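Peer 1: Sequence:
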Amino acid sequence: MSLMYIPALDFKLLKTPFHKDLILIIRMDLIIKLGKRELKISKESVDLMDETIFNSINYAVGENDNLVIVGDFCFGIKENYYQIAKEYRDRINCKNVILIYGNHDQRSLGTLFSKYYDQFLFNINGQKVFCNHYPMRS
Numbered sequence: 031m032s033l034m035y036i037p038a039l040d041f042k043l044l045k046t047p048f049h050k051d052l053i054l055i056i057r058m059d060l061i062i063k064l065g066k067r068e069l070k071i072s073k074e075s076v077d078l079m080d081e082t083i084f085n086s087i088n089y090a091v092g093e094n095d096n097l098v099i100v101g102d103f104c105f106g107i108k109e110n111y112y113q114i115a116k117e118y119r120d121r122i123n124c125k126n127v128i129l130i131y132g133n134h135d136q137r138s139l140g141t142l143f144s145k146y147y148d149q150f151l152f153n154i155n156g157q158k159v160f161c162n163h164y165p166m167r168s
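Per our numbering, the sequence shown runs over residues 31 to 168.
Read the hints as simulated data drawn from the structure, not as lab findings.
Just to be clear, a hint being listed does not mean it is correct.
Claimed, not checked - The following label-pair restraints were derived from C-beta to C-beta distances: (1) Ser75 <-> Leu151: 36 to 46 Å; (2) Ile107 <-> Arg167: 32 to 42 Å; (3) Gly132 <-> Asp77: 18 to 28 Å; (4) Lys125 <-> Asn155: 18 to 28 Å; (5) Ile107 <-> Val159: 32 to 42 Å; (6) Gln157 <-> Ile107: 35 to 45 Å; (7) Asn123 <-> Ile154: 14 to 24 Å; (8) Met79 <-> Gly156: 34 to 44 Å; (9) Asn94 <-> Asn162: 20 to 30 Å.
Claimed, not checked - Restricting the straight-line Cα-Cα distance to at most 35 Å, the calculated cross-link-like pairs of lysine-lysine (DSBU-like) are: (10) Lys145 <-> Lys108; (11) Lys145 <-> Lys73; (12) Lys125 <-> Lys145; (13) Lys108 <-> Lys73; (14) Lys145 <-> Lys158; (15) Lys116 <-> Lys158; (16) Lys73 <-> Lys116; (17) Lys158 <-> Lys125; (18) Lys125 <-> Lys108; (19) Lys125 <-> Lys73; (20) Lys116 <-> Lys145.
Please read these numbers as outputs of a predicted model, since none were measured by experiment.
Even for Gly, the Cβ is constructed at its ideal location relative to N, Cα and C.
Could you build the full structure based on these sequences and the hints that come with them?
Peer 2: Following this line, the structure appears as structure tokens:
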């Protein structure tokens, strides 16, 4: 297993031994300790975060690779949720994107993806990989 840190984008690529095309993106900037402070997030900050996420995905995943999103694809108000999700999906260059539904995903999102499941067991070169949005004990 190899680990490559890319400081400019602040994420790590974790290449697994199971399959040469299976790459996990670990965002290093997602854990924020707030304490008792009030958090105010600007639109510019959210736009920068979104741009960084999509640039990171498009850097790591090729157009013909398989990308699995394990839930909570996006957030939005009910009236424009599908449109926001479509705009986000259109920013991912990969054609084969599989959605594993999360607790914040509306079922209508499935039409934006190649495939969609509540949970799924992949078999990659004989290695079973179970994907589910919710934490589980083994």
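Peer 1: Hint by hint, say whether it matches the structure.
Peer 2: Tested hints:
| no. | hint | in the structure |
| --- | --- | --- |
| 1 | Ser75 <-> Leu151: 36 to 46 Å | holds, 37 Å |
| 2 | Ile107 <-> Arg167: 32 to 42 Å | holds, 35 Å |
| 3 | Gly132 <-> Asp77: 18 to 28 Å | holds, 22 Å |
| 4 | Lys125 <-> Asn155: 18 to 28 Å | holds, 22 Å |
| 5 | Ile107 <-> Val159: 32 to 42 Å | holds, 34 Å |
| 6 | Gln157 <-> Ile107: 35 to 45 Å | holds, 40 Å |
| 7 | Asn123 <-> Ile154: 14 to 24 Å | holds, 22 Å |
| 8 | Met79 <-> Gly156: 34 to 44 Å | holds, 37 Å |
| 9 | Asn94 <-> Asn162: 20 to 30 Å | holds, 26 Å |
| 10 | Lys145 <-> Lys108 | holds, 23 Å |
| 11 | Lys145 <-> Lys73 | holds, 31 Å |
| 12 | Lys125 <-> Lys145 | holds, 11 Å |
| 13 | Lys108 <-> Lys73 | holds, 19 Å |
| 14 | Lys145 <-> Lys158 | holds, 18 Å |
| 15 | Lys116 <-> Lys158 | holds, 30 Å |
| 16 | Lys73 <-> Lys116 | holds, 19 Å |
| 17 | Lys158 <-> Lys125 | holds, 23 Å |
| 18 | Lys125 <-> Lys108 | holds, 26 Å |
| 19 | Lys125 <-> Lys73 | holds, 28 Å |
| 20 | Lys116 <-> Lys145 | holds, 15 Å |
In summary, the structure agrees with every hint in the numbered list given earlier.
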